[in-house]
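Protein chains: 2
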Amino acid sequence: MANSLHTRTETVLRRLVRRDATSQVRKVLAKSRPEDVAAALEHMTRSERQRLFPMLGDRETAAEVMVNLSEGALRDVLASVGSGLIVELLERMEPDDATDVIEALPEELRAAVLSDLRGEDTEELSVLMSWPSDTAGGIMSTSFFSMPEASTCGQAIEQIQSKGEDFDSLFYVYVLDGQGRLVGVVSLRQLLTNPPNTPLVSVMTREVITVGPKQDQEEVARYVARYDLLAIPVVDEHQRQLGIVTVDDVVDVIREEAVEDMMLLVGINDDAAHGKGIFALVKDRAGWLLATIGGGVLSSELIGSFEQTLMAVAVLAGFIPVIMGMGGNVGLQSATITVRGIATGHVQLGGALAYIWRETRVGVVMGLLFAVVLGGYGLVRYLDQPLIGVSVGISVCLAIIVASLFGTTVPVVLSLIGVDPALATGPFVTTASDITGIIIYLGVATVLLQI
Amino acid sequence: MANSLHTRTETVLRRLVRRDATSQVRKVLAKSRPEDVAAALEHMTRSERQRLFPMLGDRETAAEVMVNLSEGALRDVLASVGSGLIVELLERMEPDDATDVIEALPEELRAAVLSDLRGEDTEELSVLMSWPSDTAGGIMSTSFFSMPEASTCGQAIEQIQSKGEDFDSLFYVYVLDGQGRLVGVVSLRQLLTNPPNTPLVSVMTREVITVGPKQDQEEVARYVARYDLLAIPVVDEHQRQLGIVTVDDVVDVIREEAVEDMMLLVGINDDAAHGKGIFALVKDRAGWLLATIGGGVLSSELIGSFEQTLMAVAVLAGFIPVIMGMGGNVGLQSATITVRGIATGHVQLGGALAYIWRETRVGVVMGLLFAVVLGGYGLVRYLDQPLIGVSVGISVCLAIIVASLFGTTVPVVLSLIGVDPALATGPFVTTASDITGIIIYLGVATVLLQI
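Which chain is which? The protein sequence lines are U and D, in order.
The first sequence lines up with residues 1 to 451 when you count with our numbering.
The second sequence lines up with residues 1 to 451 when you count with our numbering.
Heads up, some of the hints might be wrong.
To be verified - Label-pair ranges, simulated between beta-carbon atoms:
id : chain 1 : residue 1 : chain 2 : residue 2 : range
1  : U       : E123      : D       : S202      : 36 to 44 Å
2  : U       : L416      : D       : S202      : 54 to 62 Å
3  : U       : K27       : D       : E60       : 54 to 62 Å
Said to hold, decoys possible - Chain U is nowhere near these chain D residues, computed Cβ spacing over 12 Å in every case:
id : residue
4  : T22
5  : L188
6  : T336
Honestly, the hints are just simulated from the structure, not real lab data.
For clarity, every value in this text was computed on a predicted model and none was experimentally measured.
Even for Gly, the Cβ is constructed at its ideal location relative to N, Cα and C.
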């Protein structure tokens, strides 16, 4: 059965490549699915990747493997093969896959490769490459199966029988009018279950869900997911069909975007961590940590400015970390919910005020709850100085409310001004929550304890 | 164009329901796609949901809307309709969708509904319900199109023409032997592009990628994504086909699981935040915060136990938050990468030691880097007491290394003992990193400054 086979392929290939067992590697490659070879490459180091890829004898398979690689692995592999081979492989790919490879090429190689490609390919490629890679236009396939309005089901079937092999993804028949405008869609099943002489126009769905070429890929993915589509047509402003985005590309988009958001929230710039060097990994993660250091130095100065308060009541210092921690964690929770909500469309910028208001009420309830818990502990622990417990209770409550306000407002504002909310939210919200937490706590304590 | 239509439907429906404009609501509903009605319900409060749903006149549409609801919205809607209507709607659903609805029913209603369902339905439902809802068996559809081994392409087409309407998802023809064992698969396109008298066995793909009914839905999703499948067959241990999992269900699984992991990492138990009450939302998020309080109280005691050190050199207190913060953030980053790595299969438990070793080296590099940055700042800021800077530098380095060790090891260990690594990682790793950070820092300072 194939299930267990695929992980086996990965493990076996890695072991053999490490042992430099070339002839055995070739044997395994000959029996492996390209997707599994690609997965094996993902788990390898740069030099292992560059040794394994050239052992793929068959061009067709090599192209198929390349198409399944992540950006990091792709770059490594491309660096090890000549431009002649790259051109040969590109000619075996679907245009939308080919553009991804071309975009991963180093600048100097790209021009050489593009000029070596045959005429008809380049035209299609340059159309695709004119759209940003994270839009419908950037991920669409320009090879789709269409029929003129006047055709019958039988004629469509005949066309598929003679030309069907040319289409990588044949899920629907798109019905176009004389101007190339999309007027309807017919499923393969509808073709088969209607008599051959049925006109397409009498069975087609007229209310076709479409996207424009500039639409963000996340939005495209949302349509495909919501309406359970296998492919969604991309049309221009005159409703002329430019291409289709297929569900397998949408699956990739959904996986990438969710992980990307998650990583960005904890300040990691690139998910393609596997197969990278140590220093590249540190670089991906250092941004948030530098912000933490910056915020931390500011906090240490702030705490220092309350030196008198702390000298007078030394135990106050003990509660600084927990108040900061509560603020930071509440802020991160609110930010995570809000960033996901914006990404999935649950939080709409039009209804942002209502959303912020609701989250603020959640913050108030949590603030009161934890004020009782932590303030109560402070009271009992330092019975002789009840104002310590009171200060702690008031501060943790305010810190939580402020943090949930930050966590909801920051992503909404970022999104309104056109910045990816996942990008700046994590570091900004936690640092801001930390600092306001300290000011609130030491300020409240100084006033209450009259120091 | 449909693009803008769908958000319009949502907004319009919400406004009309709030205004109680019943006749207008009915008009909008009559022209809306069920998926858009479902999306509108997602954004509503419980009482709005319960007013809107019964206005769906047509049973077919109501069933279709119900199938597209999230669990929270589904429960609200179910609470407002009688068991008679529920049975009618269930009879209009695919078995795999029906089981989801039945599982969302309150216990007392479930028995009544199950006993009212007609015989043939219940048999199929009870098979599906015997598998856990997050396995291949739990999400599969038992209606798939198959042909006996001896058939030709033409015979398969004839079967589709006469019975195709019965199958909700017809992407492939599964070829079964006399014992119901899956021996191959043929795509619809292959059927059409081969002469009618071609035997299926001569065109079918024999190496079919299959899953077992107990396989985790995340793993199923990974197969479908990797091999770009439209549906994956579910087979028992004798290779007999039980059902198929279709790509649209896989899209839902991928979306849910990624979000679930992300939420769990910041200690949020349930993503279905939209449409919940304030107190339910607080409950979802309180767990991590209680852990933070617990860790915080412990930290405050620890800091208190170093009172002498802090009294002697008060400015030491100022660095506690930043050292804790660095540890906490590094721990959360490592944990996020590891949890995602385990979920996507990039981190395999067999290679866990190599992975932990690599991440530890990343931790060492980051530790040294930030030791120089923060220790350097401490040296310059308190030039007269250089040992403060040295203590800060050493401590931040150690705290970062320990935190990245926690962040990688905890999820791996949880996963090894069969606990979902996303579940306990966030609170555990941040709390543990905080506490060890304090001990390291105040310990190092006490020793170095000889207090």
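#### Entry: Hints that the structure is at odds with (numbers, increasing)
5 and 6
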